[in-house]
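Engineer: One letter stands for each residue in the lines below.
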Amino acid sequence: MMTRPLVLDSLEIHRFRVFRHLQIDRLKQVNLIVGKNNVGKTCLLEALLLYANRGSLLTMRMVLESRDEAKRLLTSSEGDAKGRSIRYLFHGRGDLEDQHEPVQIGPIGSPPDMLSIGLIWFRQQLDQHGRQQWQRIPPEDYDAGGLLLPGLSIALGAQPVLSYPLHIDIPDLDRVVQLKKPRQISSIFVPANGLGREQVNLLWDKIALTDLERDVLASLHIIASEVERVNLVGSQEGDRERIPMAKITDFDDPLPLRSLGEGMNRLFGVVLALVNARDGMLLIDEIDSGLHYSAQPDLWRLIFQVARRLNVQVFATTHSWDCVQAFQQAAQEDGQGDGLLISLRERKDQKGQGVAVLFDERELGIVTREQIEVR
Amino acid sequence: MAERYLLVEGKDDEHVFYHLLKHHQIPECFEIKNKEGIDNLLDTLPTELKRSNLERLGIVVDANRTSRPVGGSCATS
Numbered sequence: 001m002m003t004r005p006l007v008l009d010s011l012e013i014h015r016f017r018v019f020r021h022l023q024i025d026r027l028k029q030v031n032l033i034v035g036k037n038n039v040g041k042t043c044l045l046e047a048l049l050l051y052a053n054r055g056s057l058l059t060m061r062m063v064l065e066s067r068d069e070a071k072r073l074l075t076s077s078e079g080d081a082k083g084r085s086i087r088y089l090f091h092g093r094g095d096l097e098d099q100h101e102p103v104q105i106g107p108i109g110s111p112p113d114m115l116s117i118g119l120i121w122f123r124q125q126l127d128q129h130g131r132q133q134w135q136r137i138p139p140e141d142y143d144a145g146g147l148l149l150p151g152l153s154i155a156l157g158a159q160p161v162l163s164y165p166l167h168i169d170i171p172d173l174d175r176v177v178q179l180k181k182p183r184q185i186s187s188i189f190v191p192a193n194g195l196g197r198e199q200v201n202l203l204w205d206k207i208a209l210t211d212l213e214r215d216v217l218a219s220l221h222i223i224a225s226e227v228e229r230v231n232l233v234g235s236q237e238g239d240r241e242r243i244p245m246a247k248i249t250d251f252d253d254p255l256p257l258r259s260l261g262e263g264m265n266r267l268f269g270v271v272l273a274l275v276n277a278r279d280g281m282l283l284i285d286e287i288d289s290g291l292h293y294s295a296q297p298d299l300w301r302l303i304f305q306v307a308r309r310l311n312v313q314v315f316a317t318t319h320s321w322d323c324v325q326a327f328q329q330a331a332q333e334d335g336q337g338d339g340l341l342i343s344l345r346e347r348k349d350q351k352g353q354g355v356a357v358l359f360d361e362r363e364l365g366i367v368t369r370e371q372i373e374v375r
Numbered sequence: 001m002a003e004r005y006l007l008v009e010g011k012d013d014e015h016v017f018y019h020l021l022k023h024h025q026i027p028e029c030f031e032i033k034n035k036e037g038i039d040n041l042l043d044t045l046p047t048e049l050k051r052s053n054l055e056r057l058g059i060v061v062d063a064n065r066t067s068r069p070v071g072g073s074c075a076t077s
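Residue numbers (this note's numbering), protein chains in the order written: chain A, 1 to 375; chain B, 1 to 77.
Simulated from the structure, these hints should not be mistaken for laboratory data.
Incorrect hints may have been included.
Unchecked claim - Calculated cross-link-like contacts (lysine-lysine; reagent style DSS-like; alpha-carbon spacing at most 25 Å):
{"no.": "1", "chain 1": "B", "residue 1": "LYS11", "chain 2": "A", "residue 2": "LYS351"}
{"no.": "2", "chain 1": "B", "residue 1": "LYS50", "chain 2": "B", "residue 2": "LYS33"}
{"no.": "3", "chain 1": "A", "residue 1": "LYS206", "chain 2": "A", "residue 2": "LYS247"}
{"no.": "4", "chain 1": "A", "residue 1": "LYS351", "chain 2": "A", "residue 2": "LYS36"}
{"no.": "5", "chain 1": "A", "residue 1": "LYS348", "chain 2": "B", "residue 2": "LYS50"}
{"no.": "6", "chain 1": "A", "residue 1": "LYS36", "chain 2": "A", "residue 2": "LYS348"}
{"no.": "7", "chain 1": "B", "residue 1": "LYS22", "chain 2": "B", "residue 2": "LYS33"}
{"no.": "8", "chain 1": "B", "residue 1": "LYS11", "chain 2": "A", "residue 2": "LYS36"}
{"no.": "9", "chain 1": "B", "residue 1": "LYS11", "chain 2": "B", "residue 2": "LYS33"}
As the list claims (entries may be wrong) - Among chain B residues calculated to face chain A with C-beta under 7 Å, some are:
{"no.": "10", "residue": "THR44"}
{"no.": "11", "residue": "THR47"}
{"no.": "12", "residue": "ARG51"}
{"no.": "13", "residue": "SER52"}
{"no.": "14", "residue": "ARG56"}
The C-beta atom is built at its ideal place from N, Cα and C for all residues, glycine as well.
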């Protein structure tokens with residue numbers, strides 16, 4: 001089989017949240033990220049997600065909301081810039097007025113592919129028809145006085161993608177941020193507590209009655225071989241939101257998947273997301289959450305296989321040694337050199353300077369055999 | 001939670017150091033790790049150096065053989 005290029009073969013992040021700077025020299029098809037709390041494992045997934053969807057405002061909002069930082073992301077008044085939560089996206093969380101350099105996320109040494117998210121300022125002005133318009137202020141006029149509203153300017157290399165003020169009344173904001181962006185990469189983020197019900201519905205509908213259903217069913221067989229079929233069914237007549245139900249051998253009535261244990265639900269969510277991320281990126285936070293250690297090697301086997309078949313680049317985080325071992329075992333059996341363990345650390349002498357220590361499959365074998373702590 | 005390790009070639013060396021510490025009543029402030037052979041010690045050394053939280057790494061090996069090419073990139077730090 002011809003090997004297709006990875007979405008990202010390396011990664012560089014500047015000034016995004018916990019990272020003043022982070023560089024990862026190489027990436028593989030399936031990447032497992034470990035590291036202490038607060039070192040930026042989830043933050044790395046968020047950076048990848050923003051890179052893939054070209055700085056979507058919805059993603060930025062999700063990133064901020066997940067840490068209770070989204071208060072007043074969009075504001076209705078000018079001035080009072082200090083409270084604007086968009087500053088939490090920038091490393092150091094300093095005042096907005098001090099954010100002169102953009103967040104940058106992209107592959108190393110490829111400027112046209114570097115995503116940048118910069119802070120810009122707007123002023124409300126009347127156009128020739130007497131309507132209120134947001135006017136972007138050039139940097140040299142920032143100090144000219146008057147009330148300014150912060151906004152974002154997103155670019156891919158030298159190519160502008162979007163720029164907009166973070167104002168609640170920008171009528172087209174919801175439409176604008178969902179526009180197809182240049183070279184957008186399909187991507188799915190699976191949070192530690194699982195996909196939302198709405199997203200499960202959406203993703204299932206995209207693969208229902210296709211061969212990809214088989215991969216999802218295979219994931220459930222890791223824990224329960226007696227699952228014959230799985231589908232999404234409304235729990236009451238007329239329900240728009242449906243829940244995953246399974247037909248089990250020897251049971252006449254279908255059972256809710258959740259009733260078979262949290263592990264089943266986790267497998268379903270992870271693999272449903274995987275098959276929906278064709279030619280794109282799958283980002284899984286705390287992949288082992290809810291999963292017994294004995295199920296993890298089979299999950300990784302399935303991930304390696306499907307990720308290569310559908311050309312999905314997978315990034316997952318974990319705290320668990322069991323998960324590292326399971327990953328190693330599956331990567332070794334897979335034998336294609338497609339696995340990479342990324343141990344995230346912070347340089348002791350330089351706050352915010354992330355260091356990614358990489359372990360390929362051979363070294364990963366040494367890590368697990370010699371019990372070398374990498375987390 | 002900094003970690004300190006002393007890598008040794010085998011069981012005998014492990015015991016020697018264990019008893020040396022005991023004899024001189026030195027508290028065990030590092031872990032003695034039996035690498036089961038010089039080849040394994042050298043092969044795994046680059047990976048040992050990438051251990052998280054590593055503070056110090058000591059190595060004790062016999063000086064009873066001529067130099068051999070070390071596989072891979074054996075970093076010194």
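Engineer: For each hint, tell me whether it holds in the structure or not.
Structural biologist: Going through the hints against the structure:
| no. | hint | in the structure |
| --- | --- | --- |
| 1 | B:LYS11 with A:LYS351 | violated (41 Å) |
| 2 | B:LYS50 with B:LYS33 | holds (16 Å) |
| 3 | A:LYS206 with A:LYS247 | holds (21 Å) |
| 4 | A:LYS351 with A:LYS36 | holds (15 Å) |
| 5 | A:LYS348 with B:LYS50 | holds (15 Å) |
| 6 | A:LYS36 with A:LYS348 | holds (13 Å) |
| 7 | B:LYS22 with B:LYS33 | holds (17 Å) |
| 8 | B:LYS11 with A:LYS36 | violated (33 Å) |
| 9 | B:LYS11 with B:LYS33 | holds (9 Å) |
| 10 | THR44 | holds (5 Å) |
| 11 | THR47 | holds (4 Å) |
| 12 | ARG51 | holds (5 Å) |
| 13 | SER52 | holds (5 Å) |
| 14 | ARG56 | violated (14 Å) |
In the structure shown, a violation is registered for the earlier hints numbered 1, 8, 14, in ascending order.
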